[in-house]
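Sequence order for the protein chains is A and B. Sequential numbering from 1 applies to the first sequence in this note's numbering. Sequential numbering from 1 applies to the second sequence in this note's numbering.
Every clue listed holds true.
Distance windows between CB atoms, simulated:
1. Thr-77(B) <-> Ser-87(A): 31 to 41 Å
2. Glu-52(A) <-> Ser-3(B): 27 to 37 Å
3. Ser-84(B) <-> Glu-40(A): 20 to 30 Å
4. Lys-71(A) <-> Pro-79(B): 45 to 55 Å
5. Glu-72(A) <-> Ser-14(B): 44 to 54 Å
6. Glu-71(B) <-> Asn-7(A): 35 to 45 Å
7. Ile-54(A) <-> Glu-64(B): 36 to 46 Å
8. Ser-3(B) <-> Pro-96(A): 18 to 28 Å
9. Glu-63(A) <-> Ser-14(B): 42 to 52 Å
10. His-10(A) <-> Met-83(B): 22 to 32 Å
Partner residues are not named here, just some residues of chain A that face chain B (Cβ under 7 Å, in silico):
11. Gly-42
12. Leu-43
13. Phe-45
14. Tyr-48
15. Asp-56
16. Glu-103
17. Gln-104
18. Phe-106
19. Gly-107
20. Pro-108
21. Gly-109
Please keep in mind that the hints were generated in silico from the structure rather than gathered at the bench. All C-beta atoms, glycine included, are put in the ideal place defined by N, C-alpha and C.
Chain by chain, the residues:
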Amino acid sequence: NAGVMQNPRHLVRRRGQEARLRCSPMKGHSHVYWYRQLPEEGLKFMVYLQKENIIDESGMPKERFSAEFPKEGPSILRIQQVVRGDSAAYFCASSPTYVADREQFFGPGTRLTVL
Amino acid sequence: AQSVTQLDSHVSVSEGTPVLLRCNYSSSYSPSLFWYVQHPNKGLQLLLKYTSAATLVKGINGFEAEFKKSETSFHLTKPSAHMSDAAEYFCVVSDYPYGNKLVFGAGTILRVKS
Numbered sequence: 001n002a003g004v005m006q007n008p009r010h011l012v013r014r015r016g017q018e019a020r021l022r023c024s025p026m027k028g029h030s031h032v033y034w035y036r037q038l039p040e041e042g043l044k045f046m047v048y049l050q051k052e053n054i055i056d057e058s059g060m061p062k063e064r065f066s067a068e069f070p071k072e073g074p075s076i077l078r079i080q081q082v083v084r085g086d087s088a089a090y091f092c093a094s095s096p097t098y099v100a101d102r103e104q105f106f107g108p109g110t111r112l113t114v115l
Numbered sequence: 001a002q003s004v005t006q007l008d009s010h011v012s013v014s015e016g017t018p019v020l021l022r023c024n025y026s027s028s029y030s031p032s033l034f035w036y037v038q039h040p041n042k043g044l045q046l047l048l049k050y051t052s053a054a055t056l057v058k059g060i061n062g063f064e065a066e067f068k069k070s071e072t073s074f075h076l077t078k079p080s081a082h083m084s085d086a087a088e089y090f091c092v093v094s095d096y097p098y099g100n101k102l103v104f105g106a107g108t109i110l111r112v113k114s
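Starting from the given sequences, assemble the full structure and let the hints guide the process.
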């Protein structure tokens, strides 16, 4: 009964490169959420997806960031042309189709370092 | 929209003494409230949750929290701190019905002295 899986756990990129972060939700979960934790701060919502649909992207930066959750495979958070300010921990969470008590289950996070 | 305020950024206690981490929330709807714990360089673990059932909620590792609507508070307590409790704690409110996202407080770092 695997939990939420994220990979890679650590990612180092140089300024201008692309970063791809992957998230596999818990079995039976069709809702995926991405959060970002900047150094010394709490987590901030970025985007909420269901299979093949973006439901709420109100927390996504307007440029360079995109997310998808295809019919098959993991959810991907993509950051193009990374800058130093993108260095953060990125957490994925999932919830089941029926969200009775709105609990979300978190993965271990991907720690992105931009050199 | 919903929001939470964690009143202390750092709390320091001695091992074996009580822990109190304070949280106030703002919600125009019946809230769902959570406490998550994050150990250094680790993911988040759910300690407990309130979803309009009993106002005193018991969680894992001896933690509990009491929902007080009149005070809009959801403070986290533990009778006796253990060294392994040293971590960062987040008070969280669900954004329902405006959305499905979780809104996090800024966090409280708990230090436990031997």
